[in-house]
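Chains as they are written, first to last, in the working numbering: chain C, 1 to 688; chain W, 1001 to 1316.
These are computed hints drawn from the structure, not numbers from a lab. Heads up, the beta-carbon is just placed ideally off N, CA and C, and yes, glycines get one too. Hints should not be assumed to be uniformly reliable.
Pulled a few chain W residues facing chain C out of the computed Cβ check, cut under 10 Å [said to hold, decoys possible]:
hint: 1; residue: 1066
hint: 2; residue: 1222
hint: 3; residue: 1224
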Amino acid sequence: MTGMGTTGVLEVTNLSTQIRLSRSVVEAVGNVDFAIGAGETLGLVGESGCGKSMTGLSLIRLLPNGGHIVGGSIKLRGLELVDLAEDDLRAVRGNEIAIIFQDSQSSLNPTMPIGRQVAEPVRLHRGVSKSEARERALEVLELVGLPHPRERLDDFPHQLSGGLRQRVMIAIALACEPKVLVADEPTTALDVTIQAQILALLDDLEERLGMATLLITHDMGVVAGRTDRINVMYAGRIVETAKTERIFAGMRHPYTQALLGSIPSLDQDRSKALYTIPGLPPDLAPPPPGCRFAARCPRATEQCQVEEPPLTGEDADHLFACWHPVDGPVERSVTIPHATATNGRAEGDRLLQVNGAVREFPVTAGVILRRQVDSVKAVSGISVEVGSGETLGLVGESGCGKTTLGKLVVGAEKPDAGTVELAGKRVFDLRRGALRRARRDLQMMFQDPYSSLDPRMRVHAILREPLQIQRVGTRREQDEKITNVMREVGLPLTALERYPHEFSGGQRQRIGLARALMLDPQVIVADEPVSALDVSIRSQILNLMRRLQVERGTASIVISHDLAVVRYLSDRIGVMYLGKLVELGSSDDVYHHPAHPYTEALIAAIPVPDPTVEKHKGAVAIRGDLPSPRNPPSGCRFRTRCPRAQELCAQVEPLLRPFGPGHVAACHFPLQEPVGTAEPEAAHGSAG
Amino acid sequence: MTGYIVRRCIAAVIIALGVAAVVYLLLNFTGGSPAAAALGNHYNKITAALWNKQHGYDKPLVVQIVDYVWNAIHLNFGYSYKQGQSVAALLNEDAGRTAYLSGAALVLALLIAMPLGIAQAVKRNSIGDYVATGVAFTLYSMPAFFLGLILIQFLALDLHVFPAFVGDNVTTTWQAVTHPLEMALPIVTLAALTVASFSRYMRSSALDALAQDYIRLARAKGLRERAVLTRHLLRNASLPMITLVGLSIPGLLAGNIITESLFNYPGLGLLFYDALQNLDYPILLAYTLIGGILTVTGNLIADIAVAVADPRIRLD
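Given these sequences and hints, build the entire structure.
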C-alpha cells in the first residue's frame, strides 16, 4: 500500500467546482486536494450536501446541469483530465475511472437485460465482438459473486434483489478493469447484512485488481474498516485528513468529532442524550465568510466568523482546518443526561397484545377466473406484548415483515388470523364508532418525511385534522393543544402557518411526530423514523423521541433496520426473520447475549466506527439474500443462511424457548443453553 | 400473458356490445324519428306507423336494442334510406381510405413528435425549446378546419405546391396511397394537431427519464451522448407514449370529420358529416359504434404493447 507521499494513480490538486443556478452560483467543491495510490482506498465522509458526491462526479466531469470545474487539476497517472477534450475523456470514463452509484434500482436501465448492460462498456472500450463482450460480462458477473450468472444474463434488473443489483452495478464498473473506482454511497440503500457482503466484495476486488478507490459515504462505520485514509468534507471543503487509524484516535476538527459522536453506538448509554450538531449545513451560494462550520461549532470564536482556517497540521500526515482544534473523539458520556428512565414493565401489564397474528398477501393466477395460487407470507404467527410506557423495538432485514406487523398494530392492516388487543379489547372486533375511538390510541410516525405530509396543508391544518376527525375539544382547546405539542417537539409557533415543503427533513419529521402526538395516543408505532435523515439531524430526532418517551410515558413500537437506532430507543427488542419472531428480549440480552444465530449475524454485520474493531472482524457472518416470502424454507426459516443448520432444522420448526427472564429465541441449536424446557406456550409470547 | 389477453378480449367484446346498446338508446332519446327522416315529404301519422311496423320500430325498446346488437354482431348496421345503400356497404367503401389517412397521420405525427420531444428535453429551456413549445401550443389550440384553411391558402392557392382538394381521381384506398401529393395536405393537417400533444408528452417523459441515474451511469460508461439517447433513453421515455397513442386512435376518427369534409376526401368522416346533416340515423349509429370499438381496442392494444415493451410489467 502506498502512502500519501508516493505518486498516486489519481492526484487531485486544488479542485474547485461550481454549479450555476438561474440566480446564484453554488460553490460545491472548494480547493480540494487528495491523492490515491494503487490498491489504496480513500474515504470521503460528510453529511449530504457537503460536496462529496460532486467531488466524485468532478473526476469524470459528469456534473449536473450548470456544474463545471472552475480550477485545479485532476491527474490520472499524469494525464490531466480537467481540460481534456470530451472525446478523449469518454475513453477514460468507464474504462480508466469507473463509478458506482448508491441506488441500484434507478441506476440500471429497467428495459435492458443486465448482461448487455455489463457488456456495453466492454464493447465500447475494448472494441470486441458482441459475443466476446458477453463472455467478459459473464466473467465479471462471476467475479462479483452473482449466483448462476449464465442463466441470469438475460434477466432484467427488477428480477434481482437489491444486493444482487448492486453486484451488477459493481460488475459494470469493473468490466474494463479500471485504475480508479469511485464508489458513491455504494451500500447506503442496502440492509446491513447485504452491506457487509458488498463491502467485503469491494475490499477483496480492490486488493486483487490493484485499483485506487474513492469511497464516498456518510457512515463513519463504513469508512472505519475499509479505508487507508480519510478526508472529512464539510460545506465543500476538506476540513480534516489523515490515515484512518490516526483520525479515529486523534481527530482534531470539531466537525469530525461531532460526526462520529452523533451516531448511537451499540453500547450507547440509553439514559444519556446523543451528541448533536445544532442547525443545518450552510448555503453555499455564496458560502459564509470565515470557517464554514463556525455557525454550528461549540468552540467558535470571533476569529472563526471572519477568517477561514487553513488546512495545516503538525506534520504532513494529519491536516485539519480549525483555529481551535479539539483533541481526540468526544467522550460520549459527557453529554447532557436525560431524565432517569425507568421504563421497566410491570408483571402482567399488557397494554397492547398481539396474539398469533398472521397476514398474507394473495398472489393470483388463472386465465378467466382469478384464483389464489400462492401468498406472500408477510407475518406468520407473531405474538408480542407491549406494556404501558414501554418501547418495543423490531429489527430485521427488509422483507422480514416488520412494517406489516406495525400496520397490524395500528389497524392499518387486518390480520388474517390472530388478534390485536389494546387494553384487553380486540381492536378488529370493535364496531365502527368504537374502532374510530380506538384509533385515537394507536398512532403512527412514518419513515419518509416528504410523502407523509400533505403538501397542500399548512402545519396548523395537519395538526388539527386528527382532533377534528375524532371531534376532540372546542376550536380554542384544539389550538391550545397544537401550541403545546409544537413546544414539545421543539418547533416554533411561526411554523404553524407554513407548508411542509418549507421545512428541512428533520423539521418535517418533527411535524410527523407532532401529528402522532396530537391525540395523546397510548401506543405510537414509529416505522423507520430516522432512516431518511442525515447523521447530525438523526441524533436530534432520536434525542427528541427519547425525551418524549420519558416525559410522556407513551408506549411505542420502533421499527428499523438500524440496530443501533432500535437499541437506543427500545427497552425490549424483537428480531424478525421472514415473518417470524426469532428472538425477543431486553436490549442487553439481545445485543450482548444473543441466543439466535441470526441475531448474532445481524449484530456482527453492523459496521463499527472504530478501525481497530472493524479491521479485525472475521469473515462475513451471513451470506446470500433473504429467501422469497412466497415460499419460506421448511422448518426453521433461517436455516438456508444459518451456519449451524442441521437436518432437524429443515424438518421441525423451532418454537420460542426461554433463555432467561423475558428472553426467548426460536432455535434448535442456540448460541447458549436454554433455561427450563420448551413449552408450546412460550411460542405465544408469555415473555415478560 | 396469454390468459390476460384472452380475459381482456372477452371484456372488450362485452364492452363493445354494451356500447352498441347504449348508443342505440341515446339516439332514441335525442328526438326526431327515423321514420320522419326516411319518409321525408310523405311523412304523416299513418305512413309513419306503417313504416315503423315494417322496420321493427314499433317493438318494445329492449327488443329493438337486442335486435340492433344482434345485427351489429353480424356486421349488419341497417340500411341508409337517404343513400339507398346498406350501411355496411358504405362503411366498407370508406373505411380503408379513412384508415389510410388516420394511419399515415399518426405515423407522421410520431415520427416528428418523438425526436422533437427528446430534442426539447435534452436542450430544455433553450430558445429552440421555447419556440417548439410555442408552436406546439399554437397548433394545439387551433381548430382543424382553420389549420386546414391556412395550409390550403398558402401551399395550394398561393404557392401551388399541392392541390387544394382531393380530386375525383382518388376514390379507392390504393389510389389514395399512390397520390401522395393530393394526400399531403389532409395528412399534414391531421398530423399537426396530434404532433402538438404528442411532443409535449414526449418532452416531459424524456425529461423524467433524463433525470434517472441509469442515464448518468450510461454517460459514466463513456457512451457518446447519441448512444445514451438512442440506447438508454428512447425506449424508456417512449413507454408512456404507448398508452397515449392507444387512447388517441378514436380521437383521430373525430378529427377526420373536419379534415375529410374540408378536403372533400371520401372517408368515414365525410360519410358521417353528410349523415349528420341528413339525420341519417343508421349511419350515425354505426359511426358512434365504431368510435366505441376503436376506444376499447385502442386501449387493449396499448396495454398489451406496454407489457411487451416494459419487462417490469407482468400481465397475469
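Checked hints:
no., hint, result
1, 1066, "violated, 25 Å"
2, 1222, "holds, 4 Å"
3, 1224, "holds, 7 Å"
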